[in-house]
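Number of protein chains: 2
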Amino acid sequence: MGNELLNGRTANTNAQWLCGEIYSLGGLVKRVMTVPDDLQEIETTLRETLLRRPRWVITTGGLGPTYDDMTLDGVAAALGRGLSEDKAAREMILKRLAGYKVQGRAQPLDFTPERAKMARIPVGSKPLSNSAGTAPGVLVELEGTYVACLPGVPSEMKAIFQEHLAPMMAGNRLKTVTVDTEVRGVPEAALAPTLAALAKKYPGIYVKSHPKGFEGVSRVLVQLTGRGEEGVEDVESARKELAVVLEGMNAAYEMRTIQDNQ
Amino acid sequence: MGNELLNGRTANTNAQWLCGEIYSLGGLVKRVMTVPDDLQEIETTLRETLLRRPRWVITTGGLGPTYDDMTLDGVAAALGRGLSEDKAAREMILKRLAGYKVQGRAQPLDFTPERAKMARIPVGSKPLSNSAGTAPGVLVELEGTYVACLPGVPSEMKAIFQEHLAPMMAGNRLKTVTVDTEVRGVPEAALAPTLAALAKKYPGIYVKSHPKGFEGVSRVLVQLTGRGEEGVEDVESARKELAVVLEGMNAAYEMRTIQDNQ
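These protein sequence lines are chains A and B, in that order.
The numbering used here puts the first residue of the first sequence at 1, with every later residue one more than the last.
The numbering used here puts the first residue of the second sequence at 1, with every later residue one more than the last.
Hint data in this document are derived by calculation from the structure and do not stem from the laboratory.
Keep in mind that a hint or two might mislead.
Straight-line alpha carbon distances no greater than 30 Å define the calculated DSS-like cross-link-like pairs of lysine-lysine that follow [stated by the list, open to error]:
{"id": "1", "chain 1": "A", "residue 1": "K200", "chain 2": "B", "residue 2": "K30"}
{"id": "2", "chain 1": "A", "residue 1": "K200", "chain 2": "A", "residue 2": "K158"}
{"id": "3", "chain 1": "B", "residue 1": "K201", "chain 2": "A", "residue 2": "K212"}
{"id": "4", "chain 1": "B", "residue 1": "K95", "chain 2": "B", "residue 2": "K240"}
What the simulated footprint calls covered on chain A by chain B, stretch by stretch (three residues with Cβ under 8 Å from a Cβ of chain B suffice, anywhere in the stretch; the number is not a length) [stated by the list, open to error]:
{"id": "5", "region": "3-9"}
{"id": "6", "region": "230-243"}
Residues from chain B shown here face chain A by an in silico Cβ test under 7 Å; the list is partial [as the list claims (entries may be wrong)]:
{"id": "7", "residue": "A11"}
{"id": "8", "residue": "G26"}
{"id": "9", "residue": "V32"}
{"id": "10", "residue": "M33"}
{"id": "11", "residue": "V35"}
{"id": "12", "residue": "M70"}
{"id": "13", "residue": "K126"}
{"id": "14", "residue": "S129"}
{"id": "15", "residue": "A189"}
{"id": "16", "residue": "L195"}
{"id": "17", "residue": "A197"}
{"id": "18", "residue": "S209"}
In this text, all values refer to a predicted model and were calculated from it rather than measured experimentally.
Idealized CB from N, CA, C, for every residue including glycine.
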């Protein structure tokens, strides 16, 4: 969340990174939402999201010391809980502050009210240690849903995700294979019946075409993705069938196979 | 919308571009949502969004000829309407097809069922001509809300936005100024009281700090943004006050002013 994402200044690279990690762990993100630094918006969005009863809700941003860092207030409000200073969170922050070798013009690293703010987390939640920065992450377990709050600084978000959340999600890490086929000289609409047939024949795989512009010759990127043993086999079958069709069209194409978790 | 955004393969650059354009036109995006290529998800998300009664809802992606292009089905379902072939949309598509100078190995550009699909739009909506590709955009006017559907190909999305939507949004294009201040050697928590005071004193401006990592010396980017005459003046006042505080801290800092629509 954050205004800088909604005025176009900043790309939401955190969302893309998390989607990729969760996908490679065998999960699938169902929805990404970007909301402003506004308490009411954060609370409403989280309430709406929890109604969908997802396994995980992950927030990024808004855990820092400044007045516009209000994620935990919004989460607490959505859960109908208060915030209170957590002893373990306080220890984590003090440990980080003690470890900083401050150079140059830095101010003293006291446990100021702004830093104490980072130790105030929703009642019943637990802090997640942050090996890359000061603000701890937060994890709340509800009935069937985990709500995890991560910092917005990418290095800190990634560190906490990898250390604390990925191990909870793992165990179903699946082999994934994607075949990217770049087709030249065949409009997307002419490929559509073939792709629809492949998607129907192999319902477990993900078939997607991306038109890549039309400058005299149309270019289309076709992606076939499968996960797990069967998905990987189906992608290989679909790849061969697609190649036969493209040969029949006298199309120019290149195929590239990308494997994850093999 | 699109699965490729939710598995981390593709960055949502369309959302970032639209947020920036709308911001520079004097608007503010309140929420960005990314959903999968799934009819039910598209319908539900649009229904939820319309309940918030925004001035504009803009979708990107899913207007093409293939089976996974289902945005208009989802929009029609959310509005409780059907789809029907629109004569003007059909004309637009035929005109594009006739204009293509097909080279190389291209297939004939007939008005196939896949292309006819792109002319089927929600009853009561109007097509928006696409100067950069085949699929027309779509505009529906509800009570107080415009729903616009744009293609996912960035060049086409941008062309339709600039040609059709930007003129409808303009008229309140505001001067905008942003002052970026990079501060070195002062932790974000030490800046927090000053930023909170500035945000309180100048409620019309947007004050945000971004920690930029801590490697011996902390770096924080502070952004002050204002829009309109008053906002631009307030940013200048806040900039001077921030400079005084930073001088008092003996902080190393650099300020950069970015102006739009001056």
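Checklist line | K95(B) paired with K240(B) [C-alpha distance capped at 30 Å] | finding: violated, 57 Å
Margin query: Quick check on the hint: A11(B) CB to chain A CB, less than 7 Å?
Written below: Check passed: Cβ of A11(B) comes within 5 Å of chain A, closer than 7 Å.
Checklist line | Evaluation of the interface hint that places L195(B) against chain A, nearest CB under 7 Å | finding: holds, 6 Å
Notebook entry, point to check: Is the shortest C-beta separation between S209(B) and chain A less than 7 Å?
Noted result: holds, 5 Å
Checklist line | Agreement of K200(A) and K158(A) with the hint, judged by alpha carbon distance not exceeding 30 Å | finding: violated, 37 Å
Check: Holds or violated: are the alpha carbons of K200(A) and K30(B) at most 30 Å from each other?
Finding: Not satisfied, since the Cα-Cα distance of roughly 38 Å exceeds 30 Å.
Checklist line | Hint validity - M33(B) Cβ closer than 7 Å to any chain A Cβ | finding: holds, 5 Å
Note to self: For the region 230-243 of chain A, count the residues whose Cβ lies under 8 Å from any Cβ of chain B; is that count three or more?
What the structure shows: n = 0 at 8 Å, threshold three: violated.
Check: Measuring from the C-beta of V35(B) to each C-beta in chain A, is the shortest one below 7 Å?
Finding: Since chain A brings a Cβ to about 6 Å from V35(B), closer than 7 Å, the hint holds.
Next item on the list: Would you check the hint for K201(B) and K212(A), treating anything up to 30 Å between C-alpha atoms as holding?
Entry: violated, 49 Å
Next item on the list: Tell me if A189(B) is really an interface residue toward chain A, meaning its C-beta lies closer than 7 Å to one of theirs.
Entry: It holds, given that the least Cβ distance between A189(B) and chain A is near 4 Å, below 7 Å.
Checklist line | Hinted contact V32(B) with chain A - closest CB pair below 7 Å | finding: holds, 4 Å
Figure legend: structure checked against the earlier numbered hints; hints not met, in rising order: 1, 2, 3, 4, 6, 8, 12, 13, 14 and 17.
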